[in-house]
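A.B. asks: The primary structure of each chain is shown beneath.
Protein chains: 2
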Amino acid sequence: MDALAQRALAGDPRSIARFISLIERGDSGSRELMKQIYPKTGRAHTIGITGSPGAGKSTLVSCLIAAFRAAGKTVGVIAVDPSSPFTGGAVLGDRLRMQDHALDSGVFIRSMGSRGNLGGLSGATHEAALVLDACGFDVVLIETVGVGQSEVDVIRVSDTVCLVLVPGAGDDVQIMKAGIMEIADIFVVNKSDRDGAEKVAMDIKVMLDLIANRKWRPPVSLASARDGGGIDAIMENIAAHGKHLAETEEGRSRRLSKIKNEVEEILRRAVFARVESAWTFEQTEILGDIDSRATDPYSVASSLLDRVINANSYTDLRSEA
Amino acid sequence: MDALAQRALAGDPRSIARFISLIERGDSGSRELMKQIYPKTGRAHTIGITGSPGAGKSTLVSCLIAAFRAAGKTVGVIAVDPSSPFTGGAVLGDRLRMQDHALDSGVFIRSMGSRGNLGGLSGATHEAALVLDACGFDVVLIETVGVGQSEVDVIRVSDTVCLVLVPGAGDDVQIMKAGIMEIADIFVVNKSDRDGAEKVAMDIKVMLDLIANRKWRPPVSLASARDGGGIDAIMENIAAHGKHLAETEEGRSRRLSKIKNEVEEILRRAVFARVESAWTFEQTEILGDIDSRATDPYSVASSLLDRVINANSYTDLRSEA
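For the protein sequence lines, the chains are A and V, in the order given. Sequential numbering of the first sequence, starting at 1, is according to our numbering. Sequential numbering of the second sequence, starting at 322, is according to our numbering.
Please keep in mind that the hints were generated in silico from the structure rather than gathered at the bench. Each hint should be verified, as a subset may be incorrect.
Said to hold, decoys possible - Simulated coverage check for chain A against chain V, where a stretch passes if three residues somewhere in it have a Cβ under 8 Å from a Cβ of chain V:
#1 39 to 51
#2 57 to 64
#3 74 to 80
#4 269 to 279
A quick note: this is a predicted structure, and the numbers were derived from the prediction, not measured. Glycine residues also receive a C-beta, built at the ideal position from the N, C-alpha and C atoms.
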C-alpha cells in the first residue's frame, strides 16, 4: 500500500489532510489510493448538517463534536462551501469556534471549497468522508453553507441528514424548492428562545404529514446550540436513525442505492477524463468540418468514443478509475 | 432518409412537432434523425430571449416575430419552461398573444417543458432549434421563463443572447449571480415608460464597463414592447450581432466552441445510456458485495466500463449516438 495511505490510516493528521487535497484536486493517483483504503470504510456514521446561512449550523456542529467526544467517540468534520473556490473569510470566521477542538487529537476538521474538478463537489466530499471513515473516525460530520441544489447533492452522501431551521428566517420556500425537506432525516429548530420556534416545529410536522409515507418518521426537536440546549435530544435522534439504518431493509436499500451512485460517479469521471484527453489537435480541426457541415457532431462523437475506447488499455483504466 | 424527417424538412408543421416530441422524450431514434438533417442546419439565426418573469419577454417575442415577418423572414419559436414537466397554465396564458401568429404558416411555435431526459433540457432545446433551422426557418427564437442556471444553460445554445430587464424589478442580483450579464449580447430595458428605465440602462452600461473586454460591446436599448416601441432598434442590434458573428474570428471561435459542447453532450448521452443498460441483475447483486467490502466501487466501475465497451458493437453505437 502507498505510504501516504498507510500514514493516513495510522491517524497522522498531515497525511489525512494531504490525502484529501489529492481528492480535491481530482488527482488521478487519488483513485488508486481510494481503492486501497476502501475495505477499511463503512464503519463511521456520516451525518450531514444543512440549513440556511445564519441558522447556527457551525455552533451546532461544535456542540455535537463535544457531545460525541464526551461519549468517547472520535469525530471528523468536513465543512463545505460550494460557492467559493477557496474557503476563508466570513465562512472560516463563522467556523472559528469549531477550533475549540483544534488541539483534540480525536477531532479532525477540514474545509473543502473547490469546485470544477471532474467528479464535482459531491464526488470529492463523498471521497473525503470515506477517507475519514477509513482513518477510523467514529463519526463524520459534513456541514454545508447554504441550502441550494449543490448542498443537496453534497449532503445526499450522508447516512443521516440533519436540517437546521430557525424561527423567522423565511427560507421555507427555498428549502422546499431545493427538495431538502424530502431528504432530511432529522429536523432541528435552532435558536429556540426566539418567538415562533414552537410554530416552526409544528409547521414542519404538518409538512411531514404531507410527504409520502416512509418507514422512518423524521423527528423534530428544538435546540439552542449557543448554550448547548437540546443537544441531548439531537444525539438521541441521530443514534436512533443510525440504528434504523443498520437494522432495517430500508437502511440497506438506501446504502445500496448510495453505492450505485458512487459506482456511476466513478465511471462518469473515468469516461469524462478520457474524453477530455481524446480531444487531440486533429479532433479540434474536425470542429471546423462540422461548422462547414462536411460532417456532423453525431459522427464525430462516435469516432471520439471509438478513440476513447481504444486509446487506453483496460489495465490503465483500472488504475485511472 | 426517414419519412418523418423528409416531411419535416418539407415544412409540414405536424411532422416538425412530432420530430421535436421524439427529441423531448430522448427517443434513441431521434439521434439518427438528427444526424440525417444536420447537413441542412447552420443557416438560421438563433436568438435566445431571457430575463426574469414579468419582464415582458413573450410580448417582445411577439413583436420580434411580427418584425421578422414584415422583413420577409420565417420564424420558429421555442418557449422553454425548465421548472415544469408540462407547459401550460400561467405560462401558456402569458404566451397566448404569440398565438396572433398561429395562422401564419411562416411561423412555428413550440413549448418545451420536459426535464430529466438523458441529455438534459439544454441538449433537447438545442436539438429542437437545429430541427427548426434545418426545416428552413430563417430565425429561431428561444424564450425562457426565468433567469436561473437552467435558463443560462438553455440560452447558451443561441447565436445571440438577448437579456430583457425592467425598471424596479430588483432582480439584478439574481441575474448577476446566474452569470447572465456575461453571456448577454444585447440588452433590452423593457417597459421604458416606467420610472427609472433610463437609470437601468445607464447601470447596465456601467456594469458592462466592468466586465472583461470583448470584441463585441453589447448594445443597450429601451423598448416598450406592449405598443411596439423600440423594436426597430432591437432588430438592428440583432442584425449587427449576426453580422459580427458571421464576419469575425470571435464569431467563428464561438461557433466552434458551441460545436465542441454539442459533440461532448452527445457523447455523454451515449455513454450514460450504455451505463444505464449495463446494470444487469448480477451487477446489482455486486452492490451487496461492495456494501460488505468484499469488493470496492472502483473495481466494479472498471468492470462495468469493460462491459459497456464490449456490450455493443461500434456500429450499434453509431446509430445510438
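A.B. asks: It remains to establish, for every hint, whether it holds in the given structure.
C.D. replies: Status of the hints after comparison with the structure:
Chain V is given as covering the stretch 39 to 51 of chain A, and this holds because 3 residues of the stretch bring a CB closer than 8 Å to a CB of that chain, at least three being needed. Residue count for the stretch 57 to 64 of chain A with a Cβ under 8 Å from a Cβ of chain V: 0. That is fewer than the three needed, and the coverage hint is violated. For a cut-off of 8 Å, the count of residues in the stretch 74 to 80 of chain A with a CB near a CB of chain V stands at 0, and the three-residue condition is violated. Closer than 8 Å: that is the beta-carbon criterion, and the stretch 269 to 279 of chain A has 5 residues meeting it against chain V, so the requirement of 3 holds.
Going through the hint list in order, the structure does not satisfy hints 2 and 3.
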